Structures are given as C-alpha cells and as structure tokens.
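Participant: Go ahead and model the full structure; you've got the sequences and the hints to work with.
First to last, the sequence lines map onto chains B and D. Per the working numbering, the very first residue in the first sequence carries number 1; after that it's consecutive. Per the working numbering, the very first residue in the second sequence carries number 1; after that it's consecutive.
Hints were generated in silico from the structure; no laboratory data involved. The structure displayed is predicted, hence computed values, not measured ones. We put the beta carbon where it would ideally sit given N, CA and C, even for glycine. One thing to keep in mind: the hints can contain errors.
[Said to hold, decoys possible] Simulated coverage check for chain D against chain B, where a stretch passes if three residues somewhere in it have a Cβ under 8 Å from a Cβ of chain B:
1. 46-57
2. 64-73
3. 96-107
4. 110-118
5. 137-150
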Amino acid sequence: MSLMNWLEHRTGLRSLLHEALYERVPGGARWRYVWGSSLVFAFMVQAITGIFLWMAYSPSGQTAWESVYFIQYEMQYGWLLRGLHHFMAQAMVVLLALHFLQIVIDGAYRAPREVNFWLGLVLMQIVLGMSLTGYLLPWDQKGYWATRVATNLMGLVPAVGPQLQQLVVGGADYGHHTLTRFFAMHAGLLPMLLIVFLAVHLALFRRHGVHAKDPHRKPDTTFWPDQLLRDAVVCLAVLAVVLFLTCKPLILGEPLGDRPGEHLGAHLGAPADPAVPYSAARPEWYFLFLFQFLKYFEGDSEVIGALVVPGAIMGFMFLMPLIGRWRLGHGFNVAFTLGLLLGIALLTGQAWWDDNMAAYDVEIAMLDPEGHKREESARFLEAVEGAQRDGARAVQLASSPQGISSAGAIELLRNDPKSQGPVLFAQYCASCHSHVDADGKGIQAEEVSAPNLYGFGSRRWAAGLLDPERIVDDNYFGKTAHSEGDMVSFIVDTLGEVEAKKLEQIAAALSAEAQLPAQQKLDEADAADIEAGRELMAGDIVDGRNCIECHRFGEDGELGYGPDLEGYASREWLIGMISNPEHERFYAYSNDRMPAFHPDPDAPERNRLTRRQVEMLADWLRGDWYEPEPAANGQ
Amino acid sequence: MDDDIPLEPASQAAPKSVAGNRSGPTPKYTAPHAASRGHATVEPPRRGFLMKLLTLLIGGLATFVPVAAGLATFLDPLRRKSSAGHSLPVAPLDALPADGVPRLFPVIADRDDAWNRFADEPIGAVYLRRTEDENQVTALNAICPHAGCFVDFNRDAGNYRCPCHTSGFEVDGDRIMPCVAPRDLDELACEVREVEGQQVIYVAFQNFYSGLEEQVPKA
Chain B
1 MSLMNWLEHR TGLRSLLHEA LYERVPGGAR WRYVWGSSLV FAFMVQAITG IFLWMAYSPS
61 GQTAWESVYF IQYEMQYGWL LRGLHHFMAQ AMVVLLALHF LQIVIDGAYR APREVNFWLG
121 LVLMQIVLGM SLTGYLLPWD QKGYWATRVA TNLMGLVPAV GPQLQQLVVG GADYGHHTLT
181 RFFAMHAGLL PMLLIVFLAV HLALFRRHGV HAKDPHRKPD TTFWPDQLLR DAVVCLAVLA
241 VVLFLTCKPL ILGEPLGDRP GEHLGAHLGA PADPAVPYSA ARPEWYFLFL FQFLKYFEGD
301 SEVIGALVVP GAIMGFMFLM PLIGRWRLGH GFNVAFTLGL LLGIALLTGQ AWWDDNMAAY
361 DVEIAMLDPE GHKREESARF LEAVEGAQRD GARAVQLASS PQGISSAGAI ELLRNDPKSQ
421 GPVLFAQYCA SCHSHVDADG KGIQAEEVSA PNLYGFGSRR WAAGLLDPER IVDDNYFGKT
481 AHSEGDMVSF IVDTLGEVEA KKLEQIAAAL SAEAQLPAQQ KLDEADAADI EAGRELMAGD
541 IVDGRNCIEC HRFGEDGELG YGPDLEGYAS REWLIGMISN PEHERFYAYS NDRMPAFHPD
601 PDAPERNRLT RRQVEMLADW LRGDWYEPEP AANGQ
Chain D
1 MDDDIPLEPA SQAAPKSVAG NRSGPTPKYT APHAASRGHA TVEPPRRGFL MKLLTLLIGG
61 LATFVPVAAG LATFLDPLRR KSSAGHSLPV APLDALPADG VPRLFPVIAD RDDAWNRFAD
121 EPIGAVYLRR TEDENQVTAL NAICPHAGCF VDFNRDAGNY RCPCHTSGFE VDGDRIMPCV
181 APRDLDELAC EVREVEGQQV IYVAFQNFYS GLEEQVPKA
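Facilitator: Take a look at the structure:
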C-alpha cells in the first residue's frame, strides 16, 4: 500500500485512474452509449494488427504485393493477422455510422458539445482516409485500379487539381512513390492525427460528461464497471463478427485448399499491372455509393457529383450543432441523417444490382428496355471471374519452385503461357485461326480461314490431318489456299486406301516429333508403333509413296517444298513458324497469308510480337506450362 | 481504491483537480510541489513586446527548418516528367487489318519509376483503327476521359464501353450521349513511317487528365 501511495505522490496515477474509471453516467449505464468505446477498441485492434503487419510489409512496386502474398500465404497465421485488420477496417466504418447516428438522434451535438461533434467529424474523415489509403497497399489489381479512379478524381479540384493529384500519386504515374506516400499516410500521418484528435475528443467528452438521453431513467452510476461491462460485451461481439468473417470457411466447414491463406483471411488479387486493364475495378463496399453517384453526372458536371455534393453534405454535417439550436432544427437534423443513410443504402444497392443483375433471372424491362445494363453486368461478372482466375494463378506461380524473382510478381503472369497464351492468340491469331475443342469451347476465329489449332501436334490432330475427309474441313485446310494443294490431293487421293493401323502409326510418329508434355507417357509406351510410323513416312506408305517426297524428315528429304517434319510442332518448330513462316524450314514458297510475327530480332519495330511472346504462344499451344503438383494427401 | 463516487456534474481537467475539489478522502500526501509551484499566485512577468516576439521567432525558426526540408522533398513530384509524349513505334502497318475495326495495342517504351528504369515496358495502350477507303490510321488513347478506366471495344455493338461508370463512345471516339465523360476519347497524333522497308505506325503517346472538358496533358 505504501508503494501505491508513493506512486500516487510521484505520479498522481491513482487519481488519474480514479478519474478515468469513475466517470459519472447519469441515468444509469445504457447500451446506446457503447459506440464510442467500440470505435476506440476497433482502432486499438487496427493499431496492434497494423504494427505487426508493418513488420512484414514492404512498400514498393516490386515488393508490396510480394510481401502481402508472403504474409497471407507463407507466414504463420499471417492470414489471421491480415484478416483481422481487413475486416476490422470495415467494421470500423459501420461503427462510425452507428456512433454518428446515436449522437444525432440523442441530440448529443448540442451546446456545450458542438466542438466535440466537429472533432468527431474530423475523426470520421481520418478513418475514411485510412481505408482509402489502405486499399491500395496490397498493390493488387483491384486496389490499384480502384484507387486510380479515386486519385483521378482529385484532378477535378479547381485550380490545383493536377498538382494535387501529382503530389498524392508521387509523380505523373503510379509507381514506387505512390506506395511509399500512401503507406506513410496510412501508417504514420493519419494514425498520428487520429490519436491527437481522439485524445482531444475524449478529453472534451470527459469535460462535458456523458450526454444522458434520459437522466432520470435510473439512479446515476459510474463508467466502471456498469457501463464498461456493456462496452466490453459489444467490443467482444464486434471482434466475434470480424473473426467470423476472417475464418468463415473454417467455421462453416467449407473446403480450405492446401494452405490456410487460400480461403481464410483477406482476399489478394493478381499483382497490379498498369498494362492490364481491370474491368472489375470497384471501390470498397462502403464507398460504392460514391462510385454509383458518379454515374448520374454527365459531361462537365462530374465535379458536382465527385466533389461538390459530397463536400456540401459534409459541410452541412458541420452545421448540425448550429441548426440544432432552433426549435425544429433537431428534428431536421435527424431527418437529414436518416435520409442520407437511406440515400447511401439505395445508391449502394443500385450499384450492386447494376453489377450483379446478370447473375439473377429477374428482368425488369422497364428499367433496362434494350438490355444494355444486363449486358454490362454480364461483362462485369465475366471480368470478376477473370480477375479471380488471374489472382489464383499468380499465387500458384508465386508458390511454384521458381518463386518470385527480384523483378517482382508482375513478371509471373506476364511470363506465364497459361495466362498470356489465350490473350495473345485472341489478339494476333484469332482473325484466322480458331482454338476450339470438340465441344466448340475456346477461342473462335473472327472469320475462319486457317486450321483450328486446338491440340496442334497431338495424335488426334495429326490423325485428322491424315484423314481424307477431315483434311478439307474447316478445322484443317478447308478454308486455306492449301485446300487445292499437293498435300490435300495426296491425302485425298492416296491415303484413303491405306489401312487404318498404318495411318495410326504415321500419326503417332508425326505427333511424337512434337514432344508434347501431355503425350510423353503415351509416346514412351507406343515406341514400337512410332518407329514403324517413322519407317513408313520415309519408306513406303502405299504404292511406294511417302512424306519425304516433299518434306524433310530426319536425314531424308529436303527443305524448301513442304514444311520441315523434323521436330514438327515441337517448341523450336513452332517458335520458328510463328516468327517467320516464309523461312525455308516452313512455307518458303507456299505461305498462305500468315504474317511473320518476329522476323528480325535486330529490328524490334518490324516485329509484331517479342521473342518472349512468340515463345509463350508456342508453349500455350503445346500445353506446356507450370501446374502445381496435386496435394499428396488429396485434400 | 476508494469507493467514494464523485457525483459532480462534470469532472475537471486533471491539473486543476489536484487541488482537492473531489469529495474523496484527502490523500495522505498533499502534492507539495503542486502547491509550492503556486502558478496561480505568481503574476506573469511583464516582459516587453520584443522579448515575446523573439521567443516566437526563435521557436518558429526551430520548427520551420525540419518542416521546410520535409516539404521541399515532398513537393519533388511536381517537377517529375512522365515517360509519355514522344512519338513511339506501336505496330507494323500490316498488323492492322484495314476493316475499320479498332484494335488494342500496348505502347512500349522505357519507363522510369523513381529509382528504377524499366526497359521496354508497356506504358499505356491505344486503339488503332485503319479504314478501308483511305487506308488511314487513327489512334485513340484507351483511357476513358471520365475517371481514367480503360474502355473496352465491343465488336458486336461496334462501340466503346467503359466498365466503370457506363460511358460509351462511337467507333471514332465521339461520345454516345447521354454520357458521363466530359469529352470524347483522346485522339493521338499518329503517322506511318518507313523503317527498313517496313511500314510502321508511330503514335505520339500522351495521357491527359480525366474529368476535364479540355485536354490537359499529364506532365
């Protein structure tokens, strides 16, 4: 006890504690007073989880996504830490709205508490600023593109807009300095301001005491323990909700995948890539109403929707304590606040419906007479699906044995044949070639005028090529200049009489040249057939005819007339063919309209594709890309 | 801890309360230093105006230096230039079918990002369109002038759509009214040059601030 006295004498600790705990609560403790405390609790959680996240986070273009990936997928319980921070941020916005609502309904903004109300509004801005800056920090496609819209809107500020934007972004374009600035704001400046304003907010709150809704309801009590118990219960409930959202699949017994980070915690999209437009960009759900609001302001009135109206509403909120002095003022303030929340709810709902209507069977013809909105919704959902695919693939590649190089995760998808192949094919090849399977699924040519390249080089494909009926259909040479060429007439006139077994052997031998990864085991098993096929190709298929009359194959035949069959459809062969089909190995004199995509490594401006892009196309056509080993335990 | 609850209308700020305005029992130790400090009884010294001014000046100067150094560095981005604005080769002419259908091409250039230089990186994208009749090539920046998203060309409908706030543009970049965008898609100067016997499309690539009626190039 004497120690306590000594401490009290030297520091005044006991008086301080006494003052903190025995704050009077007129009219008794009530559940409606809990919101302020729950916000302080939420901020504490954010500070604690935030500082630990900080210990593992690195803000730069090549390390932000990478370090967040590492936290989410590799670090012990990193998903939990990140999930808590992510969902508590959202809970904080909800609690802010509830706190604000309670203050306005109770009229707690009136004299002498005006200044504290204003401080509360400033704190609200700081919290919203932290969510905005935090959204960008993982540097994934979603955060990147959504935040770009937000900073673009800063350019609308009269007179200094462009300069302001440049300062916030840290340069003319998004880059390292955007991240360093946003992070300094998110983890440094804004929390510091929040603590300062919160301290004054609490001090003023203590100065004026609890604003009792009904001071004679029950006997007066003290903050400790009556009110604090209620506060603690609500804080625990908030935490329970946040934990539920963080661990949802675990609690609901949904499949968890190989690693906890795959489905638990917060989502992480594909790494930000300024060259890959992201059509699924949307702000965090509590900013959706602002996003939706912008759709109603045409042309040069954009600034009204983006800045003037939100600014005016915020300005009006600052006037509430003054308006509340009039007889009808308080009622007006309450009506305004409820109206505002209703408006926000309606706009949010509309934004959600605009994006998701295509997923439902409900059609309201009156609102969307031409079906445009439905079409756009379908495109949005498609973009979301693509984004999820890219995100999952990026994580797959980051977890591959190759890992993330020092160039950063952006290189993962950019160099991935599985992701880039379809994109390149659709842009550069699909004006003539299709890439569709037997069910018609895949990339359809704009106007078919060249072979379908699905499964190119496989046995199925080679068998079709040697089939007198199929060689002339649209999947092979039907729509090309070769349809009346020597190859087609050889197959149609000659191969029809050849017994099926021989054709199978030739197809197997031709296909073996491709060395397709998917056919490796098959090729090994059928080595004898392949050898027989090779002999036929260079020997006597029927009537002494063979392939080396026109093609080079092994050491037989010559280059120049038909394409080289040595290594046909192999990686090297395909790269060469795509680079320059008129090279003597391919169609030196009989090329049918196919452009050279990489004719000259020394003159980049003449090349439509880079060497790497050609390689990725070849790998994709051959089905040659990284796939993770299925989990050993089959989970 | 004493259980005596002070039920005054509002508790006072900490320093004042030490004087014992609580109804709780008097602490064993009265805070002697607080009493002897006695700032309530000492008259503030009547120094001259100069002295006060000097104090403010010195204090202000001491704060100004670190703040100024910080601000100077903070303002650095204002003098940074974007990689854009030069005429860049985008695609060989024969990569663009003369069918009047716009196609998206990445614009490749060296990109500086603070301490890094990235060689041959995509710095943006343009829709190139070649019309049959005049064999003319036009280039549109793929960025929507409303809020800066990338627009999509919809082949079936024959127009551009922005995936963000529903703005739409005709195939030549003109807005489809009503439209949230304040101006048409940004057209970029482009020309066909002969490079080593090959016709190559060059585009003067430039980004503009979104949301403004007039085109303001980004620095």
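Participant: Give a verdict on every hint.
Facilitator: Results for each hint:
{"no.": "1", "hint": "46-57", "verdict": "violated (count 0)"}
{"no.": "2", "hint": "64-73", "verdict": "violated (count 0)"}
{"no.": "3", "hint": "96-107", "verdict": "holds (count 4)"}
{"no.": "4", "hint": "110-118", "verdict": "holds (count 5)"}
{"no.": "5", "hint": "137-150", "verdict": "holds (count 6)"}
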